[in-house]
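Protein chains in written order, with the numbering used here: chain A, 765 to 1045; chain B, 765 to 1045.
For the record, the hints were derived by calculation from the structure and aren't laboratory data. Keep in mind it's a predicted model, so treat the numbers as computed, not measured. Certain hints may be false.
Which copy? The list can't say, so a pair holds if one copy fits it or any two copies do.
Unchecked claim - Here are the simulated SDA-like pairs of lysine to any residue, each with C-alpha atoms no more than 20 Å apart in a straight line:
id, residue 1, residue 2
1, Lys1007, Arg936
2, Lys871, Gln788
3, Lys874, Arg791
4, Lys828, Val851
5, Lys1007, Glu955
6, Lys871, Pro790
7, Lys874, Met786
8, Lys869, Arg818
9, Lys869, Ser958
10, Lys1007, Ser825
11, Lys871, Met786
12, Lys869, Arg791
13, Lys869, Ser954
14, Lys871, Gly917
15, Lys830, Asn985
16, Lys909, Pro995
17, Lys871, Trp1015
18, Lys869, Pro790
19, Lys874, Arg787
20, Lys874, Glu819
21, Lys871, Gly937
22, Lys869, Arg925
23, Lys871, Glu933
24, Lys885, Gln845
25, Lys871, His966
26, Lys828, His983
27, Lys871, Asn985
Residue-level listing of the chains:
2 protein chains.
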Amino acid sequence: MQRAIAVLDSGVGGLTVVKEVMRQLPREKIIYFGDTARAPYGPRAAEEVLAFTREIVDYLSQYKPKMIVIACNTATAVALQDIRARVRIPVIGVINPGARAAIGKSKTGKIGVIGTDGTIKSRAYDHALRCLSPRVEIVSLACPKLVPLVEDGDFHSEETRSIVVESLEALRGVPMDCLILGCTHYPFLSEMISSYMGESVHLISSADETAREISTILHENNQLAGRDERPIHQFFCSGEPRKFQEIAQAWLGAQIRLSPVVWHIPHNGSSYRNGNGRTPI
Amino acid sequence: MQRAIAVLDSGVGGLTVVKEVMRQLPREKIIYFGDTARAPYGPRAAEEVLAFTREIVDYLSQYKPKMIVIACNTATAVALQDIRARVRIPVIGVINPGARAAIGKSKTGKIGVIGTDGTIKSRAYDHALRCLSPRVEIVSLACPKLVPLVEDGDFHSEETRSIVVESLEALRGVPMDCLILGCTHYPFLSEMISSYMGESVHLISSADETAREISTILHENNQLAGRDERPIHQFFCSGEPRKFQEIAQAWLGAQIRLSPVVWHIPHNGSSYRNGNGRTPI
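Could you put together the complete structure from these sequences and hints?
Here it is as structure tokens:
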């Protein structure tokens, strides 16, 4: 049986990584877990995000994946090192790929970062960028209002546009040539963000870049799927499944013909490992 | 002592990788070997290119590098698997990174590849692209006249421009949205190539993309240079050193203040391992 890439997120944000993996590596099987019942992670305490991430990794481990992708910047900032120490397979976060792409792309070295409260407070992008290069100037901004809009599936309304504008206002006129979308939910809003920031600012999607690094590392480990693989993906979410399925199909469906199996996993507040009562919808 | 990234090429082409590594990973020490006495590799038999690559890897291994980068597409096509089996450190070629970047960037899936005779005949890009995705259409073209121009340091003349135009003529009107520069010498000519191909064709430099994958793999292996490193790079070439030094300084010097130490290593036709008579210039 084909071993999958396990992807986890607080909710639907990680689907932006999934979409790019499906496009760049169409033979790879994906198992996805969106913790929609407990999204957003951004405002939560680090210990809580760490505990949730551990639970989800334990849950996904029963499927014997070949790689774990923490497709949530908040969880990457808090839990990447911990999860790496707990499992024997490669664990990829979304922060280093975004940082690396920004350094590759930026000509001026002036780089903006937007993310959740948790991500920005952790200074994880500052650390990742400076770890690669001393020649960067970084401006960071928390945009806590954006994730709830995306989790509600509201990507196009005028109200959403005005919240995007208000969220980004502090960056107006700040010199930068790259802006890292340091939250995997933000690519859902990338047109609005780009139209506010203007053409001179190149948006770096940590989601897109992560897909490419997944490819690099699988290749390097000689673990790419074989040429005959026709993967059937699996999607799980912890909360109300209908909204999740609607967003997932709209986001993935146009390019990828796919009928995701969305499972509703009731959680009893502490652990997903008691999988009783799981029902497909 | 800081362990270096060892980079090898048939001549000056691998400097395009070096330049990007210096920009993206300014703390990393580089040891470079250009086999200028035996360039170009493109028209040579595969067995010969394999033997030369092994010799150079043996020579560079005395410096205990942490990674080997085969920054030559011809040598990557022929020798990557062999060298990987011979050494215990990561060995990176330039073909997979270019293929991966093209798949990430292309919207139409129609991808062009230009390279040396050896690279194009090996069909290494076809293999790498199809290994990632079944949804690509590939047009390949050997451009054997370009490497000698670059080794001569002739990147700007009108004669060079007309050779570039003549070399690319078979691609005129062929639908593609990405063209892989499948030879590390070609980025020296990228302005001319881009002006011939037009704005609708995105050039993918296997050199730039390789620098990024070097970063990914060092990061993944927890082998990035420490924050306090101030690397002093070393450059070796097997042929006449003055021309090499001139090209290296012109290519690397504008962005990176650096006085490369260029060594002239006389080779006795079979092996570089007898290092007698090495003299710094």
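- Item | Hint check against the structure, violated hint numbers in rising order | 1, 5, 8, 10, 14, 16, 20, 22, 23, 27
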